[in-house]
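Protein chains in written order, with the numbering used here: chain A, 1 to 189; chain B, 1 to 189; chain C, 1 to 189.
The set of hints was computed from the structure by calculation and includes no laboratory data. Treat the hints with care, since some could be wrong.
Unchecked claim - Here are a few chain C residues that sit away from chain A, every Cβ distance over 12 Å (derived from the structure):
| # | residue |
| --- | --- |
| 1 | N49 |
| 2 | K71 |
| 3 | T115 |
| 4 | K130 |
| 5 | F135 |
| 6 | D147 |
| 7 | I163 |
Unchecked claim - One-sided excerpt, in silico: chain C residues whose CB lies under 8 Å from chain A:
| # | residue |
| --- | --- |
| 8 | G62 |
| 9 | F158 |
| 10 | R161 |
Just so you know, these numbers come straight off a predicted model, no measurement behind them. Every residue, glycine too, gets a C-beta built ideally from N, C-alpha and C.
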Amino acid sequence: MSSKISNSIAISFFLVLIINLSIVESSNKIRAHRPCKTLIFYFHDILYNGENGKNATSAIVGAPSWGNLTKLAGQNHFGDLIVFDDPITLDNNIHSNPIGRAQGFYFYDKKEIFTSWLGFSFVFNSTQHKGSINFAGADPIMNKTRDISVIGGTGDFFMTRGIATLMTDSVEGEVYFRLQVDIKLYECW
Amino acid sequence: MSSKISNSIAISFFLVLIINLSIVESSNKIRAHRPCKTLIFYFHDILYNGENGKNATSAIVGAPSWGNLTKLAGQNHFGDLIVFDDPITLDNNIHSNPIGRAQGFYFYDKKEIFTSWLGFSFVFNSTQHKGSINFAGADPIMNKTRDISVIGGTGDFFMTRGIATLMTDSVEGEVYFRLQVDIKLYECW
Amino acid sequence: MSSKISNSIAISFFLVLIINLSIVESSNKIRAHRPCKTLIFYFHDILYNGENGKNATSAIVGAPSWGNLTKLAGQNHFGDLIVFDDPITLDNNIHSNPIGRAQGFYFYDKKEIFTSWLGFSFVFNSTQHKGSINFAGADPIMNKTRDISVIGGTGDFFMTRGIATLMTDSVEGEVYFRLQVDIKLYECW
Numbered sequence: 001m002s003s004k005i006s007n008s009i010a011i012s013f014f015l016v017l018i019i020n021l022s023i024v025e026s027s028n029k030i031r032a033h034r035p036c037k038t039l040i041f042y043f044h045d046i047l048y049n050g051e052n053g054k055n056a057t058s059a060i061v062g063a064p065s066w067g068n069l070t071k072l073a074g075q076n077h078f079g080d081l082i083v084f085d086d087p088i089t090l091d092n093n094i095h096s097n098p099i100g101r102a103q104g105f106y107f108y109d110k111k112e113i114f115t116s117w118l119g120f121s122f123v124f125n126s127t128q129h130k131g132s133i134n135f136a137g138a139d140p141i142m143n144k145t146r147d148i149s150v151i152g153g154t155g156d157f158f159m160t161r162g163i164a165t166l167m168t169d170s171v172e173g174e175v176y177f178r179l180q181v182d183i184k185l186y187e188c189w
Numbered sequence: 001m002s003s004k005i006s007n008s009i010a011i012s013f014f015l016v017l018i019i020n021l022s023i024v025e026s027s028n029k030i031r032a033h034r035p036c037k038t039l040i041f042y043f044h045d046i047l048y049n050g051e052n053g054k055n056a057t058s059a060i061v062g063a064p065s066w067g068n069l070t071k072l073a074g075q076n077h078f079g080d081l082i083v084f085d086d087p088i089t090l091d092n093n094i095h096s097n098p099i100g101r102a103q104g105f106y107f108y109d110k111k112e113i114f115t116s117w118l119g120f121s122f123v124f125n126s127t128q129h130k131g132s133i134n135f136a137g138a139d140p141i142m143n144k145t146r147d148i149s150v151i152g153g154t155g156d157f158f159m160t161r162g163i164a165t166l167m168t169d170s171v172e173g174e175v176y177f178r179l180q181v182d183i184k185l186y187e188c189w
Numbered sequence: 001m002s003s004k005i006s007n008s009i010a011i012s013f014f015l016v017l018i019i020n021l022s023i024v025e026s027s028n029k030i031r032a033h034r035p036c037k038t039l040i041f042y043f044h045d046i047l048y049n050g051e052n053g054k055n056a057t058s059a060i061v062g063a064p065s066w067g068n069l070t071k072l073a074g075q076n077h078f079g080d081l082i083v084f085d086d087p088i089t090l091d092n093n094i095h096s097n098p099i100g101r102a103q104g105f106y107f108y109d110k111k112e113i114f115t116s117w118l119g120f121s122f123v124f125n126s127t128q129h130k131g132s133i134n135f136a137g138a139d140p141i142m143n144k145t146r147d148i149s150v151i152g153g154t155g156d157f158f159m160t161r162g163i164a165t166l167m168t169d170s171v172e173g174e175v176y177f178r179l180q181v182d183i184k185l186y187e188c189w
């Protein structure tokens, strides 16, 4: 019986090894789709139009040959490149206390419809959050929700990855827009 | 004998724990180098030169002081920044049915030779693929093959990472080029 | 007793399964915070000012309406966009043998203080290193150390991720700066 038992143990052990190996080999395939952290923010962009220098948080810095630097270009702003430093708030009120800055760039990249591409960071240095979250991706503005990638982070957000869902919360002509950003982090360290 | 058995079980269990711990600790070291998904696409770029507004899919939106916005600059186009919205096809025929758009920017960044840097997305919304793949990296154009990073994805390509190998498939003067993109995804969720 | 033993084995096996499942589920939560690789480099940026064309390694290619392409703009250079191809050295001497190139772009993105955002690659093709490391993130220049993300890599740095700590090692007016870059890779393949 002793050998029967050790056989059982051996088999059990062998099975466990196989399971472990399969975990190692497929470690890049089996993943939890539940976020390890979720965050919701708003940010507010006031585009410089030649007259609002005091309030503007962004400016056109590149444009196609048919555009200029104080007015968004024709053809759905194709090629207009904007640099921004926008306040981040916890609610949709631009006068709320900013808890960080959204800093980066976006450009419009389709002639037939409004579409943009973004590369930016959320930079935090408050009691709530210290560190940064880095984003990149396509933003088909006319869709109600658009997903971009969280490509990394630092500080409190060390090495994080995830998805940010953008929603246009408000637009006022060509000067102001507000985005709601639902951040779902799937890699937390 | 009962205690001998439980000893064996205890040892077996202890060994398993050690194996598990070593998996957790080295989870960022042991990785499969086989792609979990491979995809091959082509995309087609027609640069605006002041005359081809109807067909152009890209435009110069930034240039060094010695350049302008309708002609690529001297010194191997150093500093020319281009925004694009290019059709993606499954073969190398620009007239094939586009299955998505390559949207983003590139710039030339070396005075002595053609070299560029790219940040862009493949945006899909067809029966084959829904979602986006985000790319960034250096593209030393004169090399036959160049590797850039897949830094994230959304939708069908949720959270993906990998490598994209770029190959110039065709160039026609300064107006048209076609890239073959071999995407190898090593992190699939 | 036999049934008692197989019970023990069954329980042991069941526990092991639970442990394994928890590993799979939390594989994106338990991570080693020790780098799998560290690297220290310097890179040297000489900005084109209209007169130093021979030595310049970077140039302004985008600027806000109040700026131009041969002089950094007012308001802490907000909106100035620079493309660069900078030599990488192992020490802080610009005359040391370059072991690679830092290629990419940065822009200034705050009106009240010097702050920038970077997207670039370290491109290596030497006996020491072959391949590239891709970076993105916010660089609050006035801080002594700033962390950005390593978002991917190719060749020797296949699929890598990590953090790069930037330190300004020298500044000479608006023409020259040198950055020390401490790269800590936490995902090595």
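Against the structure, the hints come out as follows:
no.	hint	verdict
1	N49	18 Å, holds
2	K71	15 Å, holds
3	T115	7 Å, violated
4	K130	24 Å, holds
5	F135	9 Å, violated
6	D147	4 Å, violated
7	I163	6 Å, violated
8	G62	4 Å, holds
9	F158	13 Å, violated
10	R161	7 Å, holds
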